[in-house]
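Participant: For the sequence shown, the positions run 1 to 1204 when our numbering is used.
Please note that a few of the clues may not be correct.
Computed list of lysine-lysine pairs in DSSO-like fashion (alpha-carbon distance at most 27 Å, straight line) [what the hints assert, rightly or not]:
no. : residue 1 : residue 2
1   : K1193     : K516
2   : K194      : K783
3   : K473      : K867
4   : K382      : K516
5   : K275      : K334
6   : K867      : K567
Here are the computed distance ranges between Cβ atoms for each label pair [as the list claims (entries may be wrong)]:
no. : residue 1 : residue 2 : range
7   : A556      : Q486      : 37 to 45 Å
8   : I605      : Q937      : 45 to 53 Å
9   : D820      : Q1088     : 46 to 54 Å
It should be emphasised that the hints constitute simulated quantities derived from the structure, not laboratory data. Beta carbons are placed, not taken as given, at the ideal position from N, Cα and C, and that holds for glycine.
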Amino acid sequence: MDSNPSKSERGRSTSFRVRGVILSPQGWQKLQTAKQQAESNETWGKRFTQEDISDRTGLSLNTLARIFKRELGVDRQSLEYLFRAFGLELTKTDLRSPALSEETESRWTNPQQDWDTAVDASVFYGREAELTQLWQWVVSERCRLVGVLGIGGIGKSTIAVKAALQMQTEFEIVVWRSLANAPPLDELLSSLLKFLMPLYEEDPIIPTTLDQQISKMIQYLRSRRCLLILDNTETILQREPVGQWRSGYEGYGQLLRAIGETSHQSCLLLTSREKPREIALMEGAQVLVRSLLLHGLSPDDGRAIFRQKGAFTGSEAEWETLIHHYGGNPLALKLVAAAIEDLFNGSITEVLPYLSQGLAVFEDIRDLLSRQYDRLSEAEQKILSWFAIHREPVSISDIRENVVDPAAQQSVPNLINSLLRRSLIEKNDGLFFLQPVVMEYVTERFVQQICIEFETQQLNVWQTHPLLRVQAKDYIREIQTRLIMQPVMERLLSRFGSVTAIEAQARHLLMQQGKKPGYVAGNLINLLVQFQVDLCGSDFSDLVVQQADLRQVNLARVNFQNANLAKSIFSETLSNAMSIDLSPDAQVIAVGASNGNIYLWNITITQLLATFEGHTGWVWSVAFSPDGRTLASGSTDSSVRLWDVQSGQCLQVLTEHTSCVWSVSFSPDGQQLASSSDDQTVRLWNLQGQCLRVLKGHTQSVYAAHFAPDQQTLASSSHDTTIRIWDVSNGNCLSVLQGHISGVQCVCYSRDGQLLASGSRDGSIRLWSGYLVRDPSSKLNFKVLKGHTDWVWDIAFSPDGRLLASASRDGTLRLWSVQDGQSIYVLDSHTHDVHGLAISADGQLLVSAGKDHTVRLWHLQSGRNLKTLRGYTGGLHSLSLSSDDQLLASSGQNETIQLWRLQLDSNLPRLHPYKTFSSPIRGISSLSNVSFSPDGQTLAINRHDESIAVCNIQTGHFDEWSAHNASIWTVLFSPGGKILASSSYDCTVRLWDVETQHCLQVLRGHESGILAIAFDKSGQWLASGSFDDTIRLWDVQTGECLRVLQGHTGAIFTLAFDPSSQRLVSGSHDQTIRLWDLQTGTCLKLLQGHTGVVWTLAISLDGRILASGSDDQTIRLWDLQTGHCLQTLCEHTSWVTSVLFSSNCQILLSGSYDRAIKLWDVKTGRCISTLTIDRLYEGMNIQGATGLTVAQKATLKALGAIEH
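Sequences are here, hints too, so could you generate the full structure?
Facilitator: As structure tokens, this is what we get:
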């Protein structure tokens, strides 16, 4: 259903001619009311076409078009003809000149608008006086807060839409939001601010606290005239006492007070069945707060509803009696009209005796809905429950495919038609939906029935309906959880008294299910998961487990033998998502990952199709050929690979690049492939693997190459800050574009080839035009888009070229208007770098890939998160050893902090489990680092929400520190334990007083995110390493930068001081290790040997040996004096992320993404002991399980599942 107002209603053209007159708002409103009345009387509410009006008035279609657009003037006589045709008299107040309209009446002729889920107001009855009153308050008196109140079904939402449409040109910005799904206030404010902030600020950052968010909102309402509409406010109000907010929603009252009491030029219009307490306290003649209580329709307007439903007979008195009995309530009249037509063949006369006998008494809309609902068959009630679960307009096929019983599936169309006739559901554009008041009632009945059945153990609706649809869009599933699952949980807790009792009942019911088809088992398991019940070791064999959300759920040793797992979802094996592309038909996404694999998903059914294995390094780029049959990939292993999408076979391995391959791109005809590399070249290939041409000219790494639509030219971007345009036919460089002040990470052509976009490590995006003309004298134009606070990783134009999407290392996606360069919205659901994005060929879908192990699917126009694919590998990210060698802390992909007892005083050193922290330390991510305090009593952890958790390991108590303005990479205690240092993507290091939690110093100077920090032994110096390829040495006491060390050609991921504090060792993305003299700043030694990123370094306490770990899966031990490699330790099977020496220098500990913690004998290089972290599904038995594809089974096995 397109429930939003039509485009013609939302905004008007900006073209004006000062000639003739146009209708004023009052005149327009008068004409619309008379026209709708005529439609109601003459055509049963069917809208007149312009041809109908032309026949009625004698005016030409061209003249009518000008009149109804209200942009170009017409002569007064034409308006008089039009008014006379509808029984109206034209007065002076009905007219204005176009010039006056542009300057005073319609100052904003094309306001920024977001109608979200606003209802369709094209069919509207009466309410002329109410619309006039709203115009008076909102436009003339400039009220700040106006409530439209009335009982359910009275038409509050419809009149709010109608009024907003009439008033839209009085405002710069119009935003509609529905509260029907009870969004928490922070979610609502975030949504509003995401829309508003880009209109005001180039660099918007959404505040984190409620007070700050409200303050920012008021700031915007002051600076520009906005109309905000909040619909269905009653959803977040308590039943008793009236006007009070539900628990957890009290902040809405603070928002209303701020808007009503603070001076600004905007208006909040809200609808509600009850008057919020704040409006009751604030409204009055001297305050710009008003409320309008809607009453029922007049008999004439009420009859128009019946005319639209069918043919009815009755006298004037009978009509008046009927409509008066139902209070003129539009929804009640629609429901009654359906019943009268069905039961009494449209005779008003026959229904009146029942009214006089009190058999159809109308108290309120819920009373009427209750009687209507109870009249339905059980099958009809079950269909209504499906609408309550879907929460959005759906087709008949959407309902049918989820109904379990084949016989019931066949009856779905008839049942929906029956409900349509009863006016309990509505239809628009082939989709069916419930009005909010009906949705609320049906949801309540559904929740009530679910709870009754659980208590009585008679599981009927549990069998036919899921409480959650796990394949639903993410935002819909969140609503299902909030409005269905959580109320069920609250009622069951109230009835059973404890989670333990509920768990016992649920497990008892599960044991009774066997192979019964339906949703019972999936519902019960989802209930247990929501209650955070430990499912490890559970026996779910032989069950039909449909619609179970088992992502991120520990299912170790769970028995699913012979279970049917169709339509249930599990975690994926996705590691860091480095790149992404959409197939031309938008059915499949390819994701390149940091573990060297490429994953293909069918995004329609959210199913893993295949995993391509072959690369041995990060896959920085993937690209589908234009026909979708071939996939190209580029990796840090210096190779390009071509894959057959259907079979998964690797067709070609192209190895002529000598360093990391950053990008691959097909020509529009699919016959050539371009690849760019750290070796400073672009290579052109045919699909047989032959290198056709090498493009040389860049002086540093080439990050991207992209063909122009004409296939004759190609653009490339480089770390040398330039963009080069090449002639594909001869390899000549046609032009060099300069302007970015840092490396240019990505480049992209619009589909028509008229624009080139570039994204840079300087955080900016540039739009270039004019460069396609090969005449050197042609003018080059560009536009700069600013908003990202860190590198721009990827960009893509929408197919029509009007929009540009960008992905950034600041963790956000942005959508930009190409025409004016404004940011339309900011998407911040990713919790780390967003490495890649792609837009579907129809312009509907945006997909993104992030370092947070997620792939997200978005609706491009609205920015709604439709689906999230969440990966899990179980790898270890960080280790920290207490100073007494007694405890080891680990963090990683399982998003928990684990403590291990380290036993070194035996012949065979061992690690033993000690303690695990997951909750209550919220915000732990797969990229959290851990650091022990020197006394071993405290652990510091960086979290994904830009804060730090400091945890007492004995009590489990933790403090939360708000720390940075972007993601934090690492935390580290000083040797004395009094200072905690944190480094962040916001380009700063912050030093904190551990006791007071006050920030002592903010160290600024790096030009990009800071990845590594290290204290010297005395705690007087701190070193920091950054994505800007530099190292800085700081005085901890003063915050002064003492020295900048330069030499690496890649980001610095790790640092370590030697015990003398005279030397510093650094490890880099450039695969090298450098030893620095801190007195002179010179590089003493360059240690080479690793073939991957150097992630971690450690120096033994005696200063003799350096250990390094790399994503080449090896550990190297170096003689720090000579720089010679002493040993290479090769037992890890994935990146080595942490190395640590014991205090006696005899044992080395290492952690890896292979989930292993290893203990090594430093002298011999022998691995003494290995502890492997359990995977998410360790030992989960899926022998004989059905409903899983081959690829899904492979994924589950990779996460620990077994088939025996």
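Participant: Which of the numbered hints are not met once you compare them with the structure shown?
Facilitator: 7
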